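J.: Now for the letters of each chain:
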Amino acid sequence: MNLKTAASRESRLVGGHRLCPGCGLGSIVKQVLSSTDAPIVVVNATGCLEICTSAFPQTSWTVPWIHSLFENTAAVASGLNAAHKAFARKNKLTGKAKHLKIVAFAGDGGTYDIGLQALSGALERGTDFTFVCLDNEGYMNTGYQRSSASPLGAATSTSPAGNVLAGKQTNRKDILGIVAAHRIPYAAQSTPAHHLDLLAKAKKAIETPGPAFLNVFSPCPTNWKSPTAAGMEICKAAVETNFWSLVEIENSKWKLNYQPKERKPIEEFLRNQKRFKHLLAPENAEIKNRLQTEVDERFTEVCKLAALG
Amino acid sequence: MQKILTGNEAIAEAMRQIEPDVVAAYPITPSTKIPEKFSEFVANGEVRTEFVAVESEHSAMSACIGAAAAGARAMTATASQGLALMHEVLVNAGGMRLPIVLANANRALSAPLSIHGDHSDVMLERDSGWIQIFAGSPQEAYDLILQAFPIAEKVRLPVMICFDGFETSHLATNVEILSDATARKFVGQPPKFPNLFDLEKPLTLGGYTSPEYFFEAKRGQFEAFESARKVVTEVGAKFEGINPRDFSGGASYISPIETFETKDAEIILIVLGSAAGAAQVAARNLRKAGKKVGVIRVRTFRPFPTEEILAACGKSKKIGILDRMVPLGSSGGVLFNEINSAFFAAKAKTETANFIYGIGQRQFNPEHATEIFATLAQAKFPKINFVNLRG
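For the record, the sequence lines run as chains B and L. Read in my numbering, the first sequence has 267 at position 267, and its numbers run on one by one without any break. Read in my numbering, the second sequence has 206 at position 206, and its numbers run on one by one without any break.
Same shape as in the complex, but just chain L (with noise of 0.2 Å):
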């Protein structure tokens, strides 16, 4: 059934079907619309969760990591400020291995402060221990919802569905719902797990470890994100499965990237987000025109799909990367320094150059996607450019 639905709406949406035991959420913008909406769930008696209005994001997490340890499935929402807060309690849930699902809006970071889109929060959450998925769309963003817990609960590892904070939060635009029974169906029961409910074997959880135990805990974590590059794309396969609509274009996702004309390219733009509309746009212009363009969408962030990418990549010559964070005394852009070392390592002799845009949310239209094929079709290019920046 199609419903005209924003971001958020679709993603509270997925969440009343998925009726999670707990969500334990505290409001911010661009994301408040979704505890919001599951309020009114709640309050109307639509679900069976119990919903925590905690006081902070630190105490939202805090609660999801009681709740899941007691074997309950716990979901929370937030953005920015309120994703920095929580950074502390992200990496301990990612470290005791808690399978919560987090729905981020993806906004700046203040100073100064700016309430609109970019990547600055998600992208500090990279290495947190969190499964890392971005959605480009509401109907994304609705379908990773439902495909975060199968995820979760199979690598027993937490899950960030990634979307843009008001281009695409605030979107409003068709929705492809399934019907409850085929959502509940497709999410079905978590597994068994040892909680803190079980009284027969009480469990000891979250306790110190000494130089002796504490690299093999985190060799498990980094031996779960190795496997979680298969699970991701077999959940993705089985929700194609229950799925009536059409995945044969490139959005598929048994695969963690989506490739938009890139078969014969020259020249390719990777891209996390939203933005790969404008991108892919662009691309169909020049197309028109004769010129061989592409576009990747890096939809699965962590694992990083360093494979996939290559892959894609094939013999094109030059390739744009686009980041929506500002490398502050770095290299480059973390998407930008993550390909590249890809490059490097399998000794692909691939130009690449980084484009900064859409911070804070600057605009990032078409024709400034198109700008950035022109930059990269001259023969020297600089390797760090901001896209539509003043002066």
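So that you can see chain B by itself, here it is in the shape it has in the complex (with noise of 0.2 Å):
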């Protein structure tokens, strides 16, 4: 994947959105839809992606593109797969339709919770697309309530840093296994701020046949209350710190794509995100050190998952 060439693809997602300074999302979605020149059609689950490129009468999409609800993103996806092998099956597709790709994008929230059941019925289904879930760690559309995937000692807005309890009490779900257990074709994490590596991912997943999983890291400034700028620096920063792998999984065979040659102390990942102030203070070095296991434990678990090959 050349960076030059999917630069100079006409963008899919285009500018006049409202999505905040420094945010992931448009990053991710230019990125994932620049890796093919394959026609796609986008399903958007419901949260500040969909909000913020569609208010009518204007949209940002020059792809078709459809919302229905917050949990069903997957189904939809379903059901447009069905409708383009019933339409093959009865000749009704003609030129480029025939080759259309489904790409759908979902939060953190639209994947690991509420949207969790249509995602892993339509992996078990076998339907041919691309679920592409936009993790920024929690509900930042209504204004960051903790999710599933919201980190160990997080500070959101239903998880907050109290006298008594410093953040979120508990791990972050694994969904990037709980979806490799589906034995799909493909599945892969990444980042904005990894260019080569998300689009070879994203074009990988987007040209496999049957279900294909992306999971990517989305800063979030506005509710991390971090830096408008720094964005790209945490994502390096959760890779340096393994507190997200550069990984991926095709037919069952796990890959680490990048190792840090020196895995960097969790506090690297932790600073200028205020959503973790209080971890850093001595009162709660123990949630931070607990959160800092958590991290090794998976790095550990998918190194050996990679070593199996």
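Worth flagging that the hints you see were computed from the coordinates, not collected in a lab. Honestly, I wouldn't trust all of these hints.
[Unchecked claim] Straight-line distance between alpha carbons at most 25 Å, and here's what the computed DSS-like set of lysine-lysine pairs gives:
| no. | chain 1 | residue 1 | chain 2 | residue 2 |
| --- | --- | --- | --- | --- |
| 1 | L | Lys317 | L | Lys292 |
| 2 | L | Lys201 | B | Lys98 |
| 3 | L | Lys192 | B | Lys98 |
| 4 | L | Lys201 | B | Lys92 |
| 5 | L | Lys37 | L | Lys185 |
| 6 | L | Lys192 | B | Lys92 |
| 7 | L | Lys201 | B | Lys90 |
| 8 | B | Lys90 | L | Lys3 |
| 9 | B | Lys96 | L | Lys263 |
| 10 | L | Lys192 | B | Lys90 |
| 11 | L | Lys347 | L | Lys383 |
| 12 | B | Lys236 | B | Lys204 |
| 13 | L | Lys218 | L | Lys185 |
| 14 | L | Lys291 | L | Lys201 |
| 15 | L | Lys230 | L | Lys185 |
| 16 | L | Lys154 | B | Lys92 |
| 17 | B | Lys92 | L | Lys185 |
| 18 | L | Lys154 | B | Lys90 |
| 19 | B | Lys204 | B | Lys304 |
| 20 | B | Lys96 | B | Lys30 |
| 21 | L | Lys230 | B | Lys90 |
| 22 | L | Lys185 | B | Lys85 |
| 23 | L | Lys154 | L | Lys192 |
| 24 | B | Lys304 | B | Lys255 |
| 25 | B | Lys85 | L | Lys201 |
| 26 | L | Lys3 | L | Lys238 |
| 27 | L | Lys263 | L | Lys230 |
| 28 | L | Lys238 | L | Lys154 |
| 29 | B | Lys85 | L | Lys192 |
| 30 | L | Lys291 | L | Lys263 |
| 31 | L | Lys291 | L | Lys383 |
| 32 | L | Lys347 | L | Lys317 |
| 33 | B | Lys264 | B | Lys173 |
| 34 | B | Lys304 | B | Lys264 |
| 35 | B | Lys85 | B | Lys204 |
| 36 | L | Lys3 | L | Lys37 |
| 37 | L | Lys37 | B | Lys85 |
| 38 | L | Lys192 | B | Lys96 |
| 39 | L | Lys347 | L | Lys380 |
| 40 | L | Lys230 | B | Lys30 |
Note that the structure is predicted; figures quoted are calculated from it, not measured.
Dock chain to chain to rebuild the complex, using the hints, since each chain is given by itself in its own frame.
T.: Spelled out as structure tokens, the structure:
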């Protein structure tokens, strides 16, 4: 995958949308959709991306796009895929529509939580589509309530850092493991700051027949309370600390695409984000250490899976 | 050609003839036979439909939305909890003006759990943006499924064909089936409409609207329901035209209601669905004894045929309105309140009473209907009555 090729493709999400400055969503969507020349139809879950790009009577989308509800994105994609198959059988497809690819975008709420059942169903049914989770670790469109993607210790509006409870009390859900357990052809994890990695994975996901899944780390300066310009640095820190690994699973074989030479301590990721500010205080060392343990244990697991090949 | 079919089988047969592009369904009693039968047609190559065996009714309707938005004909069948689980998606499909067709085997809602028939499920969807037409028999269920797409596609509204769980879904009876060619010619091909597979004109569908636009979108839906009044009966008339059967009795699709002995009737019962049969038997017997009684069966429930009901009630003095759902904390059942408000608006002096019957499939026979007529014949009677209830 060549950056120049991808960058020179006509953008499928154009400017004028209402995403916050520094938001990761626009960057991810543009990269994912410019990874291929294939014609695309987009299914979008309720959330920031949907609201900020589709406000009637304007649209930021130059490709066909549908939003139905919050939790049913993968099921809507199944319907589109079924229509495509039926039309193919009835010889009703003409031109480029024959090679149409379906890409679904949902936040971590629409993936890890309320959309999990529909996602699982679509993966099991073999729906030919790519489901992209835009993981900003919480319900950002409504002001950062905790999701099951929110990290241990994160201060959110429904898991605030109080005098007794120092932020979220439980670990993130292992969504990649859950998806991998469906034994679909392709699943991967990336960030918008790792362009070549994301472009290659998006292309593979979109062009692989059958279900594919991408979990993409998405900075949210508004709710992470991080500097607007720091998003890509935070992505890099997430990878260098092993908080967010660049991995892919092809036909149930795990592969680690990048291993930091020296794993940075979790503080490198936490600093710069006020949602974690309280974790750096000495009295909250215990919860921060638990987060470090979770990160290290997960990474060890991924390494073991990758070593199995 | 006549075939002995249950309501579910008759519906599956109509679906086979329609050969929709997509059927997405999740099994639930008493409509399970529909997806079972239809998946047999798929497995045997009798249809080219893509059958999506979804993991829930919520996803069934969501898949129908995806398919219909791509320009496909999409159908599903459900009942009760399934319809309730779909609720959010039903409203969404209506708002997006997608011509989806749903067959619902009317069934009670839990708790307590009942797998049996009543109208609690469909009544909760009366404002969900779906045309609702009640079939009174397996024959009507077959006929209406064939009429559903021509109606839906003309007014861009989804259509729900409601038929009574067990009483219609499981009743095996002679059903007159059209030839495949005649049925297919009648249903025709869907009109072209902007869709998601049109890459030349990329559509943004289901976007966000601010307070400046939302109300107008809803007004559009309202207008579509008004225009549906005429379209439902026009499609009905066309259906009768291609049909060898005789529709000259009261059950013609040219009217949204079926009338039975209402012309000079002093007491009339108004009912939805299969219970009309028992009410008509009772009325026929009472007529033999010289009583001026009649029955109105409301077939098209949304849009509600206010004018037709008022006209059919004529100069009757007393009306018994039968509801197959329990009005909880309300002044009466849904049908009762609809008709009362129509009478009020028309300044009619007709006396009305509400009869709650058939809840969780409590028996409703001609003798129960006879008792209702007897209650109404008295000088005084309660406003809300429970039929065939113990204690």
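J.: Does each hint hold? Answer for all of them.
T.: How the hints compare with the structure:
no., hint, in the structure
1, L:Lys317 x L:Lys292, "holds (11 Å)"
2, L:Lys201 x B:Lys98, "holds (16 Å)"
3, L:Lys192 x B:Lys98, "holds (18 Å)"
4, L:Lys201 x B:Lys92, "holds (17 Å)"
5, L:Lys37 x L:Lys185, "holds (23 Å)"
6, L:Lys192 x B:Lys92, "holds (12 Å)"
7, L:Lys201 x B:Lys90, "holds (22 Å)"
8, B:Lys90 x L:Lys3, "violated (29 Å)"
9, B:Lys96 x L:Lys263, "violated (61 Å)"
10, L:Lys192 x B:Lys90, "holds (16 Å)"
11, L:Lys347 x L:Lys383, "holds (19 Å)"
12, B:Lys236 x B:Lys204, "holds (22 Å)"
13, L:Lys218 x L:Lys185, "violated (33 Å)"
14, L:Lys291 x L:Lys201, "violated (64 Å)"
15, L:Lys230 x L:Lys185, "holds (21 Å)"
16, L:Lys154 x B:Lys92, "holds (21 Å)"
17, B:Lys92 x L:Lys185, "holds (19 Å)"
18, L:Lys154 x B:Lys90, "holds (23 Å)"
19, B:Lys204 x B:Lys304, "holds (24 Å)"
20, B:Lys96 x B:Lys30, "holds (21 Å)"
21, L:Lys230 x B:Lys90, "violated (33 Å)"
22, L:Lys185 x B:Lys85, "holds (24 Å)"
23, L:Lys154 x L:Lys192, "holds (11 Å)"
24, B:Lys304 x B:Lys255, "holds (10 Å)"
25, B:Lys85 x L:Lys201, "holds (21 Å)"
26, L:Lys3 x L:Lys238, "holds (23 Å)"
27, L:Lys263 x L:Lys230, "holds (23 Å)"
28, L:Lys238 x L:Lys154, "holds (14 Å)"
29, B:Lys85 x L:Lys192, "holds (19 Å)"
30, L:Lys291 x L:Lys263, "holds (13 Å)"
31, L:Lys291 x L:Lys383, "holds (22 Å)"
32, L:Lys347 x L:Lys317, "holds (13 Å)"
33, B:Lys264 x B:Lys173, "holds (22 Å)"
34, B:Lys304 x B:Lys264, "holds (20 Å)"
35, B:Lys85 x B:Lys204, "holds (21 Å)"
36, L:Lys3 x L:Lys37, "holds (15 Å)"
37, L:Lys37 x B:Lys85, "holds (21 Å)"
38, L:Lys192 x B:Lys96, "holds (18 Å)"
39, L:Lys347 x L:Lys380, "holds (21 Å)"
40, L:Lys230 x B:Lys30, "violated (47 Å)"
The structure is inconsistent with the numbered hints 8, 9, 13, 14, 21 and 40, although it conforms to all the rest.
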